[in-house]
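Take the given structure of chain A and dock chain B to it, following the hints.
There are 2 protein chains.
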Amino acid sequence: MTLKELRTHFTGEIIPDADNGKTVTLAGWAHEIRDLGGITFLVLRDRTGRAQVTLVKKKIDAELLEIVKRMSRESIITVTGTVKAEPKAPNGFELLPETITVVNEAGSPLPMDTTGKVDAELDTRLDNRFMDLRREEQTAVFVIRDTVQKSIRDFLEQNKFVETTTSKIVAAATEGGTDLFPINYFDREAFLNQSPQLFKQMLMSAGLDRVYEIGPIFRAEEHDTRKHLNEATSIDIEMSFADHEDVMELLENMIVYVYEQVVEKCHKNLAVLGIELQIPKLPFNKYTYEQVLDIINNEIPEIEDKMVFGDDIGTQAEHLFGEYVFNKTGESHYFIIDWPTETKPFYAMPYEDRPEISKSFDMMHRMMELSSGAQRIHQHDMLVESIEAKGLNPDGFEFYLKTFRFGMPPHAGFGVGAERLVMTMLNLDNIREAVLFPRDRKRLSP
Amino acid sequence: MTLKELRTHFTGEIIPDADNGKTVTLAGWAHEIRDLGGITFLVLRDRTGRAQVTLVKKKIDAELLEIVKRMSRESIITVTGTVKAEPKAPNGFELLPETITVVNEAGSPLPMDTTGKVDAELDTRLDNRFMDLRREEQTAVFVIRDTVQKSIRDFLEQNKFVETTTSKIVAAATEGGTDLFPINYFDREAFLNQSPQLFKQMLMSAGLDRVYEIGPIFRAEEHDTRKHLNEATSIDIEMSFADHEDVMELLENMIVYVYEQVVEKCHKNLAVLGIELQIPKLPFNKYTYEQVLDIINNEIPEIEDKMVFGDDIGTQAEHLFGEYVFNKTGESHYFIIDWPTETKPFYAMPYEDRPEISKSFDMMHRMMELSSGAQRIHQHDMLVESIEAKGLNPDGFEFYLKTFRFGMPPHAGFGVGAERLVMTMLNLDNIREAVLFPRDRKRLSP
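As you go down the protein sequences, you meet chains A and B in turn. First residue of the first sequence? That's 1 in my numbering, and the numbers climb one at a time after it. First residue of the second sequence? That's 1 in my numbering, and the numbers climb one at a time after it.
Next up, chain A with everything else stripped away, as it sits in the complex:
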């Protein structure tokens, strides 16, 4: 017998009425043991939920009861028994056990509570992530994150995108920035890539036409906030024969598709988190950067730092503007478009008739920025000038610039932060809650 045969069902797969009277074997953790004298309840937990194993003293083999009494919480157990539909039990059934086996005994005291009855600080939780993830709210977050990523892939596949994988070890900084982690690469200096931007553009010249990648990006920024990570997951797309309008439409449709899929496939997980997901309305509202400036300066008195053209939108302004949009439209998602060229990276395409403005956008959630994108410059000489205008040396970008000289189509694209997408969807307090093993300024382990 193989070990897989030791379990016949996940708890969540039992259908109380249909399976009533059936013999099943469940495997999981001893979540709770309640001895009420004449009756003892053992709650078995697995990824999909919980099952109540009921032992009535007068009816049950004394040896079985002894096993349960000696059992430490969170031990690994398997239980074979008969399903009995029981509306009062969790998930509508109880299991009347025939055999109970302790497969791997848990030590005590436990490093953290898993019942959700005791609150723990985020740091304690992350130090004991393996215990923290046993709480059903945390399991729910990662089951939903799986669905989010799967839905994005499905959506992009339907739209003729090809999944690509690009190198994380690079010789040059994507945007000439300094916030890079240096690596010792066989005694040469290399860096961890901060974005697949240059690669995905090169793949436009290569003719792959529509590419996406969901992969790690690395930023050595010294921030310590609720919404930044030093290692994050970026959902990156690039599309040939497309402009910023085209990819904005793609992006808003993608977000709506993801929300719809999560509502459809993860209703149990959403219920665990107490979330009723509102599907964003299409099309998303659009505000030009200059409209945002105007509203910030004239309609939102709480914003302390008034802005002039060329300023970035600060955290407070971003937050209050998000509230303003939400109060006005009832929608959390919106675009800020037509940013000043000087605020965007060198590859953003300026408007022909007004080159101080670029064909760029940020896709916002009222809580924070989720995505940023643009039509890109596809003309070699204009790109060289733009690199120089940012104070960078085009020589360092020759491997990239070369691809613009021999047949580069017009193209546009965006990147979305996967963790931010999950965080805003599930209203999580801290982005670290959307990452299994977060990396930040202080945290390198587990």
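The reader is advised that the hints may include incorrect statements.
It does not matter which identical chain is meant; a pair holds if it fits inside one copy or across any two.
In silico SDA-like pairs for lysine to any residue, Cα to Cα no more than 25 Å straight-line [as the list claims (entries may be wrong)]:
#	residue 1	residue 2
1	Lys328	Arg34
2	Lys58	Asn104
3	Lys390	Ala220
4	Lys58	Glu264
5	Lys442	Glu121
6	Lys160	Val43
7	Lys88	Glu290
8	Lys402	Val102
9	Lys265	Glu5
10	Lys286	Asp224
11	Lys286	Ser332
12	Lys328	Asp381
13	Lys58	Glu86
14	Lys84	Gly49
15	Lys22	Gln316
16	Lys57	Gly21
17	Lys150	Glu385
18	Lys150	Ser195
19	Lys227	Ser372
20	Lys281	Arg405
21	Lys150	Glu252
22	Lys227	Phe186
23	Lys160	Glu5
24	Lys442	Phe397
25	Lys150	Val43
26	Lys150	Leu428
27	Lys4	Leu282
28	Lys306	Gly49
29	Lys88	Gln291
30	Lys57	Glu331
The set of hints was computed from the structure by calculation and includes no laboratory data.
Chain B in isolation, oriented as in the chain A frame:
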């Protein structure tokens, strides 16, 4: 008008009979221009194939002809015209143009030939990867790789696996090895992860039950061979309440599913590569390590280095044994099982009745090893002993060992090299052909 509207069809989407007489716009590269005097052919290429644009001198606007004559090869063009079914043309149709626009002129001479008529060295090709990828054989490889990864995700989802993402920046070596790339992480020493092994095992303790990850792994090995990379993509799975037999069954079914999907969805791409894919037969043949030893020592005289128990199987022996199996069974895929415990990492589970042998396996293709896996040790004290037996210090693994003390289910798993899977499937000469931007001892760019 947005740029997306500039193209109505990919060339591969035109159905000659159904679309005969229809006006369409195609966009892509000027692949070839052939001036035969009275008639000029312009071949437009996109990701999906090629279209022949036909200009008959007597019938066509002189200005259109002039545009084509001035056009440099590999320039970006769009062509609007009428589809005419024409069995002799590539893909069974030609396009009679109304407008032709050069969107972005290509310079000349081109850094590399893209017609496939001129052979180039692999190094030249990788230096000019954006041009190399324009050859239809190279496009085919990456369209197939996309299908391979998508099929694996679908298969694992059907088998109740959850996709996870784990950190690539780590404080400790997975297997205590020395072949790691060091990173400067905010003035602390860290490393690029060589495998998600420890994370995926920790997620078994966390209760995620069945997890997979397709992500980058990094190995600072100084090899320079046809089948090694310093940055590769690993398909990693881990499964609770399962042993080595269970995951071997999962693995062989996964491989067969991937082959079936590629045959079904990528027949055009396979045809470009001249490959008729043979779907492996289930179940895969299994040879114990000791059987392999016996055959190598007694039945394959060409193998120079005879082996004793505990030896690794060398490259020559691996290759000749693969040929032996293929000649005997007609199958390329097979398992070598029950490896000596001393040859496997500390987390491999030994057999109870014969602890010098472990519940481990390698999944082989006649060309090379594709995967390795095992049931894992889930008992804390046994694991500590096993770490010590490898000469490692358990203190360095406390973040991992802790997860074994408080409820760790029995589990098993494997890792598959994505590039090797594609390489062996498509019979590629060099693993670098299966990577967009390979990283090796010498190559850091593009």
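Cross-check of the supplied hints:
1. Lys328 x Arg34: Cα proximity of Lys328 and Arg34: none, with 51 Å in one copy and 60 Å across.
2. Lys58 x Asn104: neither (28 Å within a copy, 85 Å between copies)
3. Lys390 x Ala220: Classified as within; 21 Å inside a copy, 35 Å across copies.
4. Lys58 x Glu264: Neither, since 45 Å and 60 Å both go past 25 Å.
5. Lys442 x Glu121: Only inside one copy: Lys442 and Glu121 sit 16 Å apart there, 46 Å across copies, limit 25 Å.
6. Lys160 x Val43: Between copies only: 22 Å across, 47 Å inside.
7. Lys88 x Glu290: Result: close neither inside a copy nor across copies, 59 Å intra and 56 Å inter.
8. Lys402 x Val102: between (64 Å within a copy, 19 Å between copies)
9. Lys265 x Glu5: Intra 27 Å, inter 34 Å, cutoff 25 Å: neither.
10. Lys286 x Asp224: neither (30 Å within a copy, 52 Å between copies)
11. Lys286 x Ser332: within (12 Å within a copy, 56 Å between copies)
12. Lys328 x Asp381: The answer is neither: 44 Å in one copy and 61 Å across copies each exceed 25 Å.
13. Lys58 x Glu86: Result: close within a single copy only, 20 Å intra versus 86 Å inter.
14. Lys84 x Gly49: within (17 Å within a copy, 60 Å between copies)
15. Lys22 x Gln316: neither (59 Å within a copy, 55 Å between copies)
16. Lys57 x Gly21: The answer is within: 21 Å in one copy meets 25 Å, while 83 Å across copies does not.
17. Lys150 x Glu385: neither (40 Å within a copy, 40 Å between copies)
18. Lys150 x Ser195: both (21 Å within a copy, 23 Å between copies)
19. Lys227 x Ser372: within (16 Å within a copy, 38 Å between copies)
20. Lys281 x Arg405: Classified as neither: same-chain Cα gap 41 Å, cross-chain 48 Å, threshold 25 Å.
21. Lys150 x Glu252: Both: 17 Å inside a copy, 23 Å across copies.
22. Lys227 x Phe186: between (34 Å within a copy, 19 Å between copies)
23. Lys160 x Glu5: between (40 Å within a copy, 15 Å between copies)
24. Lys442 x Phe397: between (33 Å within a copy, 19 Å between copies)
25. Lys150 x Val43: So Lys150 and Val43 fail the 25 Å test inside a copy (32 Å) and across (37 Å) alike.
26. Lys150 x Leu428: Cα proximity of Lys150 and Leu428: one copy only (20 Å, versus 29 Å across).
27. Lys4 x Leu282: For Lys4 and Leu282, only the inter-copy Cα distance (19 Å) is at most 25 Å; the intra-copy one is 46 Å.
28. Lys306 x Gly49: For Lys306 and Gly49, the Cα distance exceeds 25 Å both inside one copy (51 Å) and across copies (54 Å).
29. Lys88 x Gln291: neither (57 Å within a copy, 57 Å between copies)
30. Lys57 x Glu331: neither (56 Å within a copy, 58 Å between copies)
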